[in-house]
Amino acid sequence: MLATERRSQILQLLDSSGAVQVTRLAEDLEVTDETIRRDLAKLMDEGLAVRTHGGAVRPEAGLHDAPFAQRQVMNVEAKRAIATEAAKLVQPGDVIGIDASTTGFELARILRNLTPSSPITVVSNGLDVAKVLAGRDGFRIISTGGELDNEGTSFTGTIAESSLRQFALRRAFMSCKGFDKERGPSEASLDHAAIKRTMLSAADESILLVDTSKIGLPSICFVAEPASYTRIVTESSEQEALK
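Its first residue numbered 569, the sequence shown is counted upward by one per residue in my numbering.
Treat the hints with caution; some may be incorrect.
As the list claims (entries may be wrong) - Below 30 Å or equal to it, Euclidean Cα-Cα: the simulated DSBU-like pairs (lysine-lysine) are:
| # | residue 1 | residue 2 |
| --- | --- | --- |
| 1 | Lys610 | Lys745 |
| 2 | Lys699 | Lys656 |
| 3 | Lys699 | Lys749 |
| 4 | Lys699 | Lys610 |
| 5 | Lys745 | Lys656 |
Simulated from the structure, these hints should not be mistaken for laboratory data.
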């Protein structure tokens, strides 16, 4: 593949997901990390990308989406492992909810490669989740709408919550900012905690996606007790960290 073709693919990924990671690009495009770094440096010189730790974001996302983009490249292998396990729970014909977390985004990236025998409906308050699945065969994407948060990645507020209440979700997949073994997952704002409680109550089954770096580090607002969730998925198959 020519360098220009590679950069064109990188730009398409930046446009669809808002951020890219060096290691993931190298794996997908079958080149070395150093080759990808040179490609990104060229795109940055041309004003088509902005550097982040471990990757790049769209120029317009440089300030607005930076926190989300930075979280995307933190503990990415753990998030990918969690998302891979979570994807196994999704069945053809399901109506599922996916939150606006970076782990939810990883789950969406995995799902987009599936070809379900019956369409899967995905309801999400995450803008990036909706964008990465948009136009994929076998998927129907519904965005909650609502008030867009300061990062420009998540819809919250009464409109988003009211929208979620209209759906009978078979399964809901949610992550969190922090996790306490006794009190459960927590979020950095009341609005984000509220939207996750609403998604939790709208689902027959609720799956909490937690990478172990968050355990023992609660954030500001607790969402629900651990027993409220049908299943908790971590990157550790034994889930020893949760005991």
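Right, here's what the structure says about each hint:
Proposed proximity of Lys610 and Lys745 is contradicted: the alpha carbons are some 34 Å apart, above 30 Å. Between the alpha carbons of Lys699 and Lys656 the distance comes to roughly 21 Å, so the proposed pair stays at or under 30 Å and holds. A distance of roughly 33 Å separates the Cα atoms of Lys699 and Lys749; the hinted pair therefore is violated under the 30 Å criterion. Proximity of Lys699 to Lys610 is assessed by CA-CA distance (about 26 Å); at most 30 Å being required, the pair is judged to hold.
For the suggested pair Lys745 and Lys656, the alpha carbons sit about 23 Å apart, so the restraint of at most 30 Å is met.
Hints 1, 3, counting from the list given before, are not met by this structure.
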